[in-house]
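J.: Chains as they are written, first to last, in my numbering: chain A, 1 to 175; chain B, 1 to 132.
Hint data in this document are derived by calculation from the structure and do not stem from the laboratory.
Here the structure is a predicted model, which means the values were calculated and not measured.
Ideal placement from N, C-alpha and C gives every residue a C-beta, glycine not left out.
Be aware that a few hints might be false.
What the hints assert, rightly or not - Just a few of them, taken from the derived set where beta-carbon distance is under 8 Å, the chain A residues facing chain B:
#1 Arg102
#2 Ala127
#3 Ser137
#4 Gly138
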Amino acid sequence: MSRRLLWLPLAGFVVLLLVVAGGLWRPADPTVRSALIGQELPDFTLPPLVPGKPGVASATMRGQGPRLLNIFASWCVPCIAEAPQLMRLRAAGVAIDAIAIRDTGPAVQSFLRRLGDPYVRIGDDRASAVQLSLGSSGVPETFLIDGKGRVIRQYVGDIRPDQVDAIVADVKALR
Amino acid sequence: MRALAIPALLLAAGATAQTVAPAALADTQLADPAQEASAKALMETLRCVVCQGQSIADSDATMAGDMRALVRQRIRAGETPDTVKAWLIGRYGSYITYDPPLGAATWPLWAAPVVLIALGIWIARGSFRRRR
Chain A
1 MSRRLLWLPL AGFVVLLLVV AGGLWRPADP TVRSALIGQE LPDFTLPPLV PGKPGVASAT
61 MRGQGPRLLN IFASWCVPCI AEAPQLMRLR AAGVAIDAIA IRDTGPAVQS FLRRLGDPYV
121 RIGDDRASAV QLSLGSSGVP ETFLIDGKGR VIRQYVGDIR PDQVDAIVAD VKALR
Chain B
1 MRALAIPALL LAAGATAQTV APAALADTQL ADPAQEASAK ALMETLRCVV CQGQSIADSD
61 ATMAGDMRAL VRQRIRAGET PDTVKAWLIG RYGSYITYDP PLGAATWPLW AAPVVLIALG
121 IWIARGSFRR RR
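Sequences and hints are given; from them, build the entire structure.
T.: Here it is, written out as structure tokens:
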């Protein structure tokens with residue numbers, strides 16, 4: 001019995017080694033994901049930011065078919081990289097609403113003039129309050145919302161060219 | 001000093017690029033000292049989602065400022081720190097707090113010391129008995 005117990009520390013060490021090796025092999029993913037997936041959008045109302053474009057409210061996101069909710073800012077560099085993909089999504093018939101984080105009207109207007117305007121609505125989120133209520137941790141991030149106003153998916157970071165087709169398929173699947 | 005100047009300039013450029021001033025309560029204490037104390041205590045247990053090793057009380061990230069403003073607003077409106085924490089956990093999961101609730105992933109942390117002490121006592125008892 002005690003002979004066998006002698007191997008216990010070595011066995012413990014091997015287990016520890018495997019745990020550490022596992023961490024090296026597949027490092028932890030530091031992406032912060034929203035816990036709202038599968039749940040209703042929280043209630044919010046954001047005023048418009050740009051003339052001629054309405055603000056965003058959770059109520060306006062229900063009963064209008066599936067759509068994307070893009071969280072962006074004119075000061076955000078990856079948002080510039082993402083802009084052509086959003087234009088492609090719009091061209092494919094995907095409705096996109098936006099929440100502008102800590103931004104100003106003129107800055108957003110010049111951003112849209114330079115990079116194209118894929119948005120149906122733009123809400124003004126001055127203190128990231130709605131962003132925090134969505135469980136979003138940065139810009140850009142995009143939520144896929146179904147026709148009933150439920151959060152289906154979250155795309156963290158800028159949407160890459162190779163993701164566009166899959167997102168169009170995701171939106172079509174909800175129709 | 002010069003080595004510091006360039007990063008400082010870059011930081012300043014980043015700060016001015018964000019076109020709106022930080023949220024009102026991000027860096028302003030609440031008028032009621034008791035409320036401010038409980039808000040501060042809560043902030044120290046909340047993770048900044050941008051700079052993930054820091055609490056929102058320690059972080060200079062704008063997003064952390066917005067989170068501080070949110071905590072102060074809710075505490076000022078009379079919410080308890082526990083409800084604010086639960087609200088954030090509902091949005092971000094337990095990852096948002098450094099003091100996560102007891103759950104499937106955290107109970108081994110609490111059980112392990114008890115198990116290890118029991119194991120130690122058992123081993124010690126065995127060795128003392130042999131010595132006699």
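J.: Next step is simple, just say for each hint if it's right about the structure.
T.: So, going through the hints one by one against the coordinates:
1. For the restraint placing A/Arg102 at the interface with chain B, the shortest Cβ-Cβ distance is roughly 5 Å, inside the 8 Å limit, so the hint holds.
2. The interface hint given for A/Ala127 holds, since its Cβ lies 4 Å from the closest Cβ of chain B, which is under the 8 Å cut-off.
3. Checking A/Ser137 against chain B by beta carbon gives a least distance of about 4 Å; that is within 8 Å, so the hint holds.
4. The interface hint given for A/Gly138 holds, since its Cβ lies 6 Å from the closest Cβ of chain B, which is under the 8 Å cut-off.
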